[in-house]
Amino acid sequence: MTKKILISLFVIGSVLPLSASLTYALLYSLGLTGLLSDGLTLANWIQIFTGEFFQSMIYSVWIAFSSAFFTITLAMTLLFIARKYLNRPNVYRSLFLPLTIPPIVLAFVIFQLYSGGGILSRVAWHLGLISDLNQFPALVQDPYGIGIILAHIFLVFPFFLLVLLNLFENEKLDELAAVASTLGADPKDIIFRIQVPILLKGIFPLLALYFIFFLGAFEIPLVLGQSSPHMITVLIIEKLQRFNLADIPVAYAMAVWYSVICIATISYLFTHFKKRYSL
Amino acid sequence: MIVIVALISACSDGERHNTGDDSPVLNKSWQEILNEAGGTKITMMMWMGDPLINNYMNGYVVPNIKEQFDIDLEIVSGQGAQIVSTLMSELESGRNSSQIDLIWLNGETFFQLRMIDALFGPFTEKLPNIQYVDMDNPFIGIDFQQPVNGYEAPWGNVQLAFIYNTGQIDSPPQSLDELKEWVRENPGRFTIPTEFTGMTVLKSMMISMAEDPDLFKGEFNAEVYNQYSSRLWNYINEIKPFFWREGETFPNSISQMHQFFANGELNFTFSNNDSEVDNKILQGLFPENSRAYVPDFGTIRNTHYLGIPTLASDKEAAMAVINFLLSPEAQFEKMKPEVWGDGTILDMSKLPENWQKKFSDIPGRTNSPPREQIREKAFMEPAPEYMIRIFEDFRTNVVN
Amino acid sequence: MINRSLFIFILLCFIIPFAVLLYLSVSSEWYYPSLADHQFTAEHWRWFLSGGSTLMQSAVLSILLSVSVGFVSTVCGFFVSRAVAYQTKSKWWLLTAYFPYVIAPVVFAVMLNFYFLRFNLTGTIYGVIIAQFFITFPYAVLFFFGFWNSKIRNLENLVATMGGDFKVTLKEAILPSAKGLLAVCFFQTYLISWFEYGLTQFIGVGKVQTLTVMVYRYISEANPYLAALAGFLLVIPPLILLISNRRFLLHKVWST
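Residue numbers (this note's numbering), protein chains in the order written: chain Z, 80 to 358; chain V, 1128 to 1527; chain B, 47 to 302.
So here's chain Z without its partners, still in its complex pose (with noise of 0.2 Å):
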């Protein structure tokens, strides 16, 4: 009985809230509801895959991309470096310092250290490398996302050399080079062909779980993205709250192609990766 009671809570707490909000994303999108409607329409669907959000799809895919592509390459690089060292326990502990930092605060940092008024710049006029503001380099609310991206690397990458770390230990990669090595393989070929491939094929779950997230990303974009495109959460928000009020429900349109982007994601991970990894 108690466990039906506690079924139903969980259906409560965690299916319904989602599937409900859905839902109404879904028919405010489809016109089928909302104070300016006008009956069922795919206008606004459509519009999701043109312009000014389609532009920001993909922008948020290069963002996402890049953040995990160099949050992975530092991480394997870091770790194939210095991983006998890493594992000292006050090294160890340091990989955990990002873990404490909010992403709206480290957005507000970076955009501190790297602004044209920054730090970073104040410092180089100290140094005599610019003698004005405007030479410095536009590393934030670039067309690049430097900055997102940068804010990204530094939040995530210790996490990922601590699951390669645990990884490394699990798969017994040394073990496997030191027989390599008397099978007679070179040192570059230890590294590139066997363990590296076997270190991205355990991790690609999480990186893709990473992606999802980067490409989620909310308060660091809007701290240190550009004008436009917007990310995709940032740009959602932005048409819901901006002068034309026709742009409301695209913003749903968007929301519920973004959450399904999500669960369509999750739910290939999760049912062809079904390996346990415990930290």
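Everything labelled a hint here was simulated from the structure, so no lab data went into it.
Predicted, not measured: the structure shown is a model, and the values here were computed from it.
All residues carry an ideal CB built from backbone N, CA and C; glycine is no exception.
Any given hint could be a false lead.
Claimed, not checked - Cross-link-like lysine-lysine pairs, in silico, DSS-like; alpha carbons within 30 Å at most:
1. LYS83(Z) / LYS197(B)
2. LYS280(Z) / LYS225(B)
3. LYS83(Z) / LYS217(B)
4. LYS225(B) / LYS82(Z)
5. LYS135(B) / LYS82(Z)
6. LYS251(Z) / LYS197(B)
7. LYS83(Z) / LYS213(B)
8. LYS213(B) / LYS163(Z)
9. LYS163(Z) / LYS217(B)
10. LYS1344(V) / LYS1477(V)
11. LYS135(B) / LYS83(Z)
12. LYS251(Z) / LYS135(B)
Unchecked claim - Far from chain Z, by Cβ distances over 12 Å, these chain B residues were calculated:
13. PHE86
14. LEU95
15. THR100
16. VAL106
17. ILE109
18. TYR172
19. LYS197
20. GLY209
21. LEU221
22. LEU228
As the list claims (entries may be wrong) - Ranges between beta-carbon positions, derived for each pair:
23. ASN249(Z) / ASN1182(V): 55 to 63 Å
24. PRO1314(V) / LEU206(Z): 19 to 27 Å
25. TYR164(Z) / LEU95(B): 47 to 55 Å
26. ASN249(Z) / ARG92(B): 49 to 57 Å
27. ALA229(B) / LYS82(Z): 23 to 31 Å
28. ASN1185(V) / ARG92(B): 40 to 48 Å
Once you've looked at the hints, dock chains V and B against the given chain Z.
Quick look at chains V and B alone, frame taken from chain Z:
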């Protein structure tokens, strides 16, 4: 099953609701209204991007309201379209009371709220202090070409000004051509923010490009807009490569722009409030040799207003607060350069003599241009659709 | 040698954000290009610590809010995941718990808004607590799912055959092993709530002024000093957790 429940609840509330019945409040006498107002807590939603305005509200208005009327005034942040979407979602969900009792608004917000019937009124005639206001003045009684009709109360009146630094610029550009030349010769020092103030700059430029500013009076005219906005975009796109960040990105908040100006990254910033420069210098936020001016090509002068959502639960208290904000005491305090420097909407000729003297004795605006002078170069705000279209088209034609 | 300098470099990178926050929180009139030439002042901190400053109220509110969210989600998640683990055969239940966790909270908030408006929850602390709960509760269920394995089940059965009712089972069989996990889950859900900005701002309509909401407000007012102060306050609890037990910080995200 879940889906069906959600469907039903969503569909049934798609129609417009106006569950707030306005007449009972409007039929009460002012004394009755004051009696109802006491002991309540209300929420005001306003733009909170300026710490000095916030100080005026939190440090002067809130305590006075508490003391005089026993009303707890809570201020939360929200601007223009955020207010519209909040009130709109409330109407859509069939609520019978709003989160918000009082709002600070302007033309295009007024337009959209009237469109969805979200404002309470007409209420201004009930406010005792409205006697000091000349609602016949077109700059006050008409908001973005729409008659106010008692649905919002005027709060302050200002004119858009350009702000520059005399240390960096000797004689600032006065015409559009001079501005173009200046931007070309000084790349990376000028830009336009993608928000309300920036749109007001663009509107001013567009109106001045027309041979007859009166073309922009009255209702929105798509032909007029298309003709002059394309001139505007041509002009802007010509100088865009010489903008800050080569025009690849634009500041999205005016306070950010002020920060860049204070830092020297930008040589120009703007303010909808012509005396803001005095205010900011006094507070140490702008360098001392900042000056405001209105270029000869003219800028927009407009009034900003206070309104009450139709679903507000404490309309009486909101009206009491608005009446206080319209009072000579509050308007006088607000007009002081060290507090806010916002122009008053009170008609001097309607005030008692001691107040007339007080207002005229407010210490001079040292770094802002004299009000009489700039009034001559003032344009009226055009219909709200212009603002909405300019905002969209700025993104499509310039930012992208 | 390389390792050591690399480590020092990375450590510096990690410490810089905290240094920046402290630096700005004691600065004033920070005009370009000053690094140390401007006014340093304890005024911002003094104002914060003086009774009744809005920032202090915000800090207290944030702590209460996040503690509530953490506590309720952990307790509910603990027992609900047990029910789900024991009663259901299919793994698909668990899959649905991932969705609220993965979708950006602010987008979730946007879609939920209609219902929150209907039930008069917007702009209230309870509304924000419930909205955050909808994210932390599924997370807690996922978190505990692996705990309810056959070992625990056998232990429970043992107590049952010896005549103990559920209360005894709980006390003797379950809690001893679960204590550590319960703490970790509490702190992790606490942090999810503590760090959250978008959802809080949207559902709270700016009225529920948590520290993250204040940080953004100060950023938009171009007041880097108070934004840094608020930001610093935000990192204090996680830092304390890091020092006491870093396990509290790591999200165990993938387990079936």
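Verification of the supplied hints:
1. LYS83(Z) / LYS197(B): Holds. LYS83(Z) to LYS197(B) sits at ~23 Å (cutoff 30 Å).
2. LYS280(Z) / LYS225(B): violated (34 Å)
3. LYS83(Z) / LYS217(B): Holds - the C-alpha atoms of LYS217(B) and LYS83(Z) are around 22 Å apart, at most 30 Å.
4. LYS225(B) / LYS82(Z): holds (22 Å)
5. LYS135(B) / LYS82(Z): Judged against 30 Å, a Cα distance of about 14 Å means the pair holds.
6. LYS251(Z) / LYS197(B): Distance ~27 Å between LYS251(Z) and LYS197(B) Cα, so the pair holds.
7. LYS83(Z) / LYS213(B): holds (18 Å)
8. LYS213(B) / LYS163(Z): violated (47 Å)
9. LYS163(Z) / LYS217(B): Violated: LYS163(Z) and LYS217(B) sit about 42 Å apart, past 30 Å.
10. LYS1344(V) / LYS1477(V): holds (28 Å)
11. LYS135(B) / LYS83(Z): holds (14 Å)
12. LYS251(Z) / LYS135(B): violated (33 Å)
13. PHE86: holds (15 Å)
14. LEU95: Fine: 20 Å to the nearest Cβ keeps LEU95(B) off the interface.
15. THR100: holds (18 Å)
16. VAL106: The claim holds: VAL106(B) sits with its nearest Cβ about 18 Å from chain Z, beyond 12 Å.
17. ILE109: About 14 Å separates ILE109(B) from the closest Cβ of chain Z, which puts it past 12 Å; holds.
18. TYR172: holds (15 Å)
19. LYS197: Its Cβ never comes within 12 Å of chain Z, the nearest being 15 Å, so this holds.
20. GLY209: At roughly 19 Å from the nearest Cβ of chain Z, GLY209(B) sits farther out than 12 Å, so the non-interface label holds.
21. LEU221: holds (18 Å)
22. LEU228: holds (17 Å)
23. ASN249(Z) / ASN1182(V): 55 to 63 Å: For ASN1182(V) against ASN249(Z), whose Cβ atoms are near 58 Å apart, the range 55 to 63 Å holds.
24. PRO1314(V) / LEU206(Z): 19 to 27 Å: Holds, since PRO1314(V) and LEU206(Z) (Cβ atoms, about 24 Å apart) stay within the stated range.
25. TYR164(Z) / LEU95(B): 47 to 55 Å: 41 Å Cβ-Cβ, so the 47 to 55 Å window is violated.
26. ASN249(Z) / ARG92(B): 49 to 57 Å: holds (52 Å)
27. ALA229(B) / LYS82(Z): 23 to 31 Å: holds (25 Å)
28. ASN1185(V) / ARG92(B): 40 to 48 Å: violated (19 Å)
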